[in-house]
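> Now for the letters of each chain:
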Amino acid sequence: MPQFLEFLRFELKLRAKSPSTYVYFLMWFAFSFFCVASESFGPVGNSNGKVLLNGPYANTLNFTLAGLFGVIVVAAIFGTSALRDFQRDTFQIVFTKPVGRLAYLGGRWTGSFITTVFAFSGLLAGTWLGTFAPWADRTRIGPNHLAFYLQPFLTITVVQIFYLGALFFAVAALTRRIVVVYVQGVALFMAYLVGLTAFSATRSLEHFWSGILDPVGLLMVDRVTRYWTVVERNARLLPLDLSGYSPGVFLYNRLLWLAVGVLALVVVVVRFPFSVEALAARTQGRRAARQRELDAAEGASRRDRPATLPEVHPVYGAATTLAQYRSLTRLRLRTILRDVPFWALVGLLVVFAINNGHFAGRVGGVNVWPVTYLMLSAVEGAAMLFFLIVAALYAAELLWRERDVRFDGIHDALPMPEWVDWSARFTAIVLVEAMLLAITLLVGVFMQALDGFHRFEIAHYLKELYLVAFPQVIGFALFAMFVQSLVSNKFVGHAIVIGVFVLQSVLFNFGWENTLYLPGAVPAFTYSDMNGYGHFVPALAGALVYWTAVFAFLGIVSIAYARRGPEESLAARTRAALARAPRLAPAAGACLAVAAGVGGWYYYNAHVLNEYLTANDRRRIAADYERAFKRYENLPQPKITAVDVSVDLDPPHRSFHGSGSFTLVNKADAPIAEIHLTDAHQTVSNVRFDRPARLVSRAARDIYSIYRLDTPLAPGESVRLRFDVAHVTRGFTDGQEPAEFAGNGTFFDMEWFPVIGYDANLEIDDPRRRREQGLGDLEDMAPRGDAVHSRINLFTTQSDWISYHTVVSTTTDQIPVAPGYPLRDWTANGRHYVEYGMGPTPILDFFAYLSARYAVKRATADGPEGPISLEVYYDPAHPYNVDEMLEASRDGLAYFQSVYSPYQFRQYRILEFPRYRTFAQSFPNTVPFSEGIGFITRLKDPKDVDLTYFVTAHELAHQWWAHQLVGGEVEGSNMMSETLAQYSAYELMQRKHGKDYMRRVLRHFLDRYLRGRAGEVRRERPLALVQREAYVWYEKGGQIMYTLADTIGVDRVNAALHDFLMQYRYANAQGTTEQPYPDTRQLEAALRAHTPPEYQYLIDDGFDRIVLYDNKALSAVAKRRADGKYVVTLEVQARKVQADGNGNERPMPLDDVIEIGVFKGAGDEEVPLDLHRERMTAEHATYTVVVDEKPTRAGIDPYNKLIDRIADDNVVDVTE
Amino acid sequence: MALVIKGLSKTYPNGVRALDDLSLTVGNHLFGLLGPNGAGKSSLMRTIATLQDPDAGSIELDGLDVLANKNEVRKLLGYLPQEFGVYPKISALDLLDHLAVLKGVTARGERKEMVEALLHQTNLWEARKKALATYSGGMRQRFGIAQALLANPKLIIVDEPTAGLDPAERNRFLNLLAAIGRRVTVILSTHIVDDVRELCPRMAIIASGRVLLEGAPADALAALEGRIWSRVVASDAELEALKAELDVVSSHLVGGEHEVRVFAQGSPGAGFAPAPAGLEDVYFLELARHGRR
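In order, the protein sequences belong to chains W and E.
Here the first sequence stands for residues 1 to 1216, where the numbers follow this note's numbering.
Here the second sequence stands for residues 1 to 293, where the numbers follow this note's numbering.
Treat the hints with care, since some could be wrong.
Selected chain E positions facing chain W (Cβ under 10 angstroms, derived; list incomplete) [stated by the list, open to error]: (1) I90; (2) D97; (3) G144.
No wet-lab data here; the hints were simulated from the structure.
C-beta: ideal position from N, C-alpha, C; glycine also.
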């Protein structure tokens, strides 16, 4: 014991003297401090706006994240402790003394443990102090509870220090190799990241073993808290018992890893060779052999020779300079290429790139073709960090090389100019980086080939890697060389380089977004197969050249400051630098001139030609707009009844010019004297009315203008508004290019035209940003039946239904498209014109203009007045799913017409647009569909959710649920389009793939609903009262409707929908006075009318409440009967709770019909033997089912048709 | 070649005065630089080797201002620093070849000839392909000598070159240096007085950055002729007593007894016998005088 205490005391004393201990502490302190003190820093602050930054969930997540990076700290502390006596060769002294094994190892280990716990306690201090930061957002800081700090710290941080410390200590003590000590922490860190990305990419919903086996805990925390609502996240700690939605995962995980730690300690105590003899043995192996050889060489015969040397004739000149440069470059290159850590980094790079490349063909859980931009972003994304690490690491290694190996005395007195020596070091880094890029390229191509994709775009690879990534990496290397030339210590240099690198993204988050002063920054850009690098090229090239020139200048400064001789003081080195300056000045001047020239040009484009606005500026504009004009929101305005526009698109210049007219009708019951216009994009000019009017008010940026009619517009009277409209792209912006305009793939909508009155769509909806701007909470939508808002169209508040006519032109190589039927198609003045009209069919005031070099594939379907033309306009490089889109359209048209109502148009078109935006949107008979979704999806596995078919069906269904039936601008109305489109797509999918297939679809969408509600920033609403909660109107709504149809019969639901549609479609399409639009009360009534009494509760629960089930199969036992049949006794449990909008739950009485199933076949591939519904009135029930074949699985609600947070425990294995 | 050093002064940032108005003239010969640790030898040699600038003073090499034309001087220079390391994972052959290129020996044949000759001269031929980092201290020192002699330097500065060499190697090196030193300027610093006596036509003793004595070793010895007396004393007390009374140059242990050498114009007393003066006596005497000043 006294020995143990002596070793412990010694270890602690050493650690207390070491600055690194305090650096670690400060690091954790700063991390957790900013996680609380800033909403723009940590993972919690940046996401959900209602989760407390010092709450139990935030602390748990932050501490776990710290644990991930802490792996390296733990390795450093414990590893060096285990190895200390071997590194300093003191083991011969220690082990020849009567030292106890336990005392020695135990003392060392315990000392390291205490030190590490101290270092990590910076997390507690930082979090706590962060809550007092005066600038912090008080609404996100709750009262400090000791348990919220201590429980995560003890159960996550301390446990992790324990077992990782034990593991690293054991490995270090047993191998006694310094390289192992340094590598093991990094290796585990990297391996964990690889595993994590690999697992996340599979989008597996498995949440038991993945949570338990997770050594660091990020997956575990996600698994346990995945479906926690805000209330739970602010009140609950990870449960150390068997409660919660992932019962026992946390407890088992901790026990498992504690056991691993104990095991590691036992192993090291038992196996540690505790004798000098065993430890000093080095008589074998390659190293010993080499030493013997060398000893022999040293003692070799010494023949005496005459003491003369041959004559040589040194020459100095350009040729020699070149030879020197080459020889030095070879030497530097060899330094890197013979370095073991370098190859370790290359190995990791390849592993990461292969891993990411393997998942390049999976986007959002869907298989897609691994097109080059996806593969590049996968492999380059994985490799970029390594490019930068290699740049920073070897910039330092090469610059400090002579000092590190103490060859500087000889090297510095050699006759070559500093710039030759410097250039050789720089060249070596450049060559090595070029090699790494080539490796990345090869991995990408290889992974594409492996995934069966053979359209290799080497030119695209070369552009992205060598023209975009390479300059950034080289710039970073130059910067690192600059820093390393100035600092007096390599590690200080590394700290500065990393600091500047990290600072960049932090500064960006805090609103410092200017590319011209964020070192090495490039403006945001997106490659698109349709549009290539397109319009991003000038800004990107400008930024790359600008920063390369700036960094090259710093490189030249670094030549001036090149070390030569023992002088270290900055003053002396500055004197030397000034002495060298005259020779370097021309090059430095050239760099500065390029930087100033290109920077000036960039500035002119981004700040002079275009208004430079940061994200915060744009929010301020929106906030000002809301503050100034919200009062006009309910001001009666005339409604648009007709739109006639002609638009000339100029895709090469990303511009358009047009003019048009809106016919406005006063549908209110009082005269209207003022017409208000919102012009969010500054596109509108030359506004005039066909009666005398004058401009009485305008706002900054022309965002809001008020015109007064000399004679007010009487009720029922109409006025024609004429306007010019244009968007002209001038030069480029600093990463703020509107996604709407592209050389190939223009797509913009009615938002770029005048909007009548106040546009609530411009309001900021993120509560965090609203608070920042001093705005109150976002206004709730009006209740159903509201006198004003019931009469306003949900989607197009400025109109009810319109007639639409347009002429659009573009360049001759492109096809211009707008909603409507092509009436005329001609070429004139070198432009391609098409006139589109909608005929007599009224449409929503919802139109868009598209233009691209399209390939077109056509088909037909049957319609009420003859064939319906089906068309897909796609990029020739993306032919993969065109037939599937046509098939889904044809199937959908047939089905929806048979159950809902006739299709109102004669055509249905899908058009691809660049992936700058990723959505599909249903305009009248026209559906723009992003190239990023759908056009490259790939059905690899019959089990995959067929997303192309699904999205196509969903958008098609909107032609009924939106373009025929639209609700008023009140709560709930959104679900009448989205939920019903979702439901329609579900039913179409089921018709194609069958009921069993739907289980996977339901599981996929159930997870999204539950995660959506967990991330709710305001509060969740019941389906019939939904406001802005997309996860409610898509995922929950679809599931509720599907389950209702599955329970009462799809025909009943469809009949109800048909009745509802026929009664309420085209509300307000006729007449000049406003009637209320339908709302969810009428939809519910229609459904109730077709629902048998015993199932009415499904509508109560589904539409009017937030209801969650906890269904679980407890056991299933099968007995074989004499007649060969099996009797299955199934014991199940069902619970039901109702939640409020914040997630507070209370139990509900159970009187529900729930499905019971018995299956054969393996888990996940079950085939039903018996499937029927039972009415459950108590929490527990036992059912007996007789089936013909031997059953393997059985359970309650096996297809997850009910909303249940633990979906996995519904089915269990059948025992005998 | 003639190296003229005038008024060289250097004070380091930590306050140490390494060179103090030091002036020397070195001709085309081997010049020995003697001095205790910290005397400023290495600072002086680094300054001549263009690695650091003095605060004041000038150095001229055949009229060439060394401080202003460093790169010109480097082309003529062979320098062996007192302490040096080597790159890991590179052989003596490869590194010598690399250094020869840097020193302007770009003709492949000449370079090969020179590198091989040096490897033989320094007896590293057998180990030439072995990684330098695995060399013993002596081998590494020999490598250092080899690289300093690459490319027929006209000015050779070797800082304690014989440290770590065994007597045979030391002899070989000194012979080589003597052969070369007939044509070029060689500055050799050491604390081994014998090195200087055997090799150097001229020498200087420095301490505290100042020259205590400059001249030919023979002249210095002549000045002491007949003035060095020696005696053996048995006890420490006796030795201390002598030190208090007389100008004791040095004392060595010989067979357990102290042999005391004393500087005196005439016999300092009973038991003293005249002894032949050695360069070591010059050295100690100069240092002792300097210490008293």
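> Could you tell me which of the numbered hints above are not met by this structure, giving the numbers in increasing order?
Violated: none.
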